[in-house]
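Peer 1: Protein chains in written order, with our numbering: chain A, 623 to 863; chain B, 623 to 863.
Do not rely on the hints blindly, as some may be mistaken.
In this list, chains with the same sequence are indistinguishable; a pair is considered to hold if it fits within one copy or across any two.
Unchecked claim - Only pairs whose alpha carbons sit at most 20 Å apart, straight line, appear in this in silico EDC-like list of lysine to aspartate or glutamate: (1) Lys745 x Glu688; (2) Lys743 x Asp853; (3) Lys764 x Glu737; (4) Lys692 x Glu794; (5) Lys745 x Glu799; (6) Lys724 x Glu688; (7) Lys724 x Glu802; (8) Lys764 x Asp671; (9) Lys787 x Asp856; (10) Lys632 x Glu718; (11) Lys745 x Glu716; (12) Lys817 x Glu718; (13) Lys745 x Glu802; (14) Lys764 x Glu802.
Treat the hints as calculated values from the structure; they're not laboratory data.
In this text, all values refer to a predicted model and were calculated from it rather than measured experimentally.
Number of protein chains: 2
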Amino acid sequence: MSEAPYGHVKALVFDVFGTVVDWRGSIIREIRATGKTNGVDGDWEAFADRWRAGYHDGMNAFRSGEAEWKTADQMYRERLDLLLGEYGISGFSEQETDHLNKAWHRLDPWADAVEGLTMLKSKFVIGTLSNGNVGLLVNMAKYGGLPWDCVLAGELAGSYKPDPKVYLMVSELLGIEPHEVMMTAAHNHDLIAAKKTGLSTAFVSRPDEYGVSARKPDLVAATEADVSATDFVDLAVQLVV
Amino acid sequence: MSEAPYGHVKALVFDVFGTVVDWRGSIIREIRATGKTNGVDGDWEAFADRWRAGYHDGMNAFRSGEAEWKTADQMYRERLDLLLGEYGISGFSEQETDHLNKAWHRLDPWADAVEGLTMLKSKFVIGTLSNGNVGLLVNMAKYGGLPWDCVLAGELAGSYKPDPKVYLMVSELLGIEPHEVMMTAAHNHDLIAAKKTGLSTAFVSRPDEYGVSARKPDLVAATEADVSATDFVDLAVQLVV
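Using the sequences and the hints, build the whole thing.
Peer 2: What follows is the structure, encoded as structure tokens:
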């Protein structure tokens, strides 16, 4: 690949849930183990999907002006409390419930993530750009060995992607131009919004994000993506010239 | 050492200029080399100290309400433009002046810094807490191999230390209690202010920060310091039980 089209890129920022880590597989494993310990059986795949939906519902409530800005930790906790009741899992101490809620801090990276990020780090500033909160992202990085140069999040702009100010915050904080930042995600809607603010964009396919659930992953990059890669190592091979 | 007194600490955040990196030695070397290249001789130690003073003057102007908040990059650049004129160094392109100003992104870590931070990282979240801007700190970390888990800065709170909100931002972002954060600095004034907000504190002596200039380093920890160490490896030996 010619260096020219992306030679101006200085920093790559990554969507995290689904793009860097396998949130669904990790959450299913943790909640299934919790159910087993507590002698409760249930549809843990549906539990994981509904828990995740609590996060999207929380962000939508903020976007529509119905609710205050909340951290991912708060949104996940509100939904967890509902789900635990519904599934008949009870008797947890506050400490145990908090630990379970922080399953979202212990998500496994996709198999290629650490290797690809390490390769990319040799040439670029690499960071998160997630709607997850900073503490969650920092703990997740330590858990999974993700070698970020910086942990950036919608929290630092008091908003969530796809609010343009979240994307533009990256170039402002790093002291570079928007097109020198490459937003990397497995979700085309994230890349389309980033592109509108002037960022460069990279699509990485994550066909297994939603497992066997009804939700379908983006398998093909939108035209707004400057680069398309099959995983992070492929991305690094394309960009680290 | 008994683990008890500091067993609650989960994250260490570090003052950077002087505590982690030898700003004065690094700046003197860079500006002396620049002078030589341009056939100009001068008192480069005084140049470095006056350049550094531009940063303190800039922060004081904000604190007193005389000026807007500015990044360290902006404050250093304003003073640099004055000093270059005064020292008779002229004819730089904008790109060359910007490169020289970013000497503050290329400061050498003290000899023990990377080793000590790497040891501390095995047990704690480690991050910056500097009045330098995020971009400067990220570039400095890549330059010097500083293994931060997160890059935090007064910039993210729109203020400078010792404003209490800068210290309290750390526990808020990391989702922990103030006393679970240990502020680490070679400057007692920083630790005294951190302690007032409820943070734990560690003093690390940096006797060579100011070189042969008139300014004297703190050689002994204030009583507000919970821990006192001779360098980062000593700090790690004390804290990583």
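Peer 1: Given identical chains, is lysine 764 near aspartate 671, meaning Cα to Cα at most 20 Å, within a copy, between copies, both, or neither?
Peer 2: neither (25 Å within a copy, 38 Å between copies)
Peer 1: Given a CA cutoff of 20 Å, do lysine 632 and glutamate 718 count as a within-copy pair, a between-copy pair, both, or neither?
Peer 2: between (42 Å within a copy, 19 Å between copies)
Peer 1: Check lysine 743 against aspartate 853 for me: Cα-Cα at most 20 Å, and say if that holds within a copy, between copies, both or neither.
Peer 2: Answer is within: at 15 Å inside a copy they meet the 20 Å cutoff, but 28 Å across does not.
Peer 1: Taking 20 Å as the upper bound on the Cα-Cα distance, should lysine 724 and glutamate 802 be classified as within, between, both, or neither?
Peer 2: between (34 Å within a copy, 18 Å between copies)
Peer 1: Within a copy, between copies, both or neither: where do lysine 745 and glutamate 688 come within 20 Å Cα-Cα?
Peer 2: Neither way: lysine 745 and glutamate 688 sit 42 Å apart in one copy and 40 Å across, limit 20 Å.
Peer 1: At most 20 Å between CA atoms: does that hold for lysine 787 and aspartate 856 within a copy, between copies, both, or neither?
Peer 2: Neither: 29 Å inside a copy, 42 Å across copies.
Peer 1: Please sort lysine 745 with glutamate 799 into within, between, both or neither, judging by C-alpha distance up to 20 Å.
Peer 2: Cα proximity of lysine 745 and glutamate 799: one copy only (17 Å, versus 36 Å across).
Peer 1: When no copy is specified for lysine 745 and glutamate 802, does a C-alpha distance of 20 Å or less occur within a copy, between copies, both, or neither?
Peer 2: within (13 Å within a copy, 35 Å between copies)
Peer 1: State whether the alpha carbon distance between lysine 817 and glutamate 718 is at most 20 Å within one copy, between copies, both, or neither.
Peer 2: Neither: 42 Å inside a chain and 31 Å across chains, both beyond 20 Å.
Peer 1: For the identical chains here, do lysine 724 and glutamate 688 meet the 20 Å Cα criterion within one copy, between copies, both, or neither?
Peer 2: neither (26 Å within a copy, 44 Å between copies)
Peer 1: When no copy is named, should lysine 745 and glutamate 716 be tagged within, between, both, or neither for a Cα gap of at most 20 Å?
Peer 2: The answer is neither: 44 Å in one copy and 24 Å across copies each exceed 20 Å.
Peer 1: Is it within a copy, between copies, both, or neither that the alpha carbon of lysine 692 lies no farther than 20 Å from that of glutamate 794?
Peer 2: between (23 Å within a copy, 12 Å between copies)
Figure legend: structure checked against the earlier numbered hints; hints not met, in rising order: 1, 6, 8, 9, 11 and 12.
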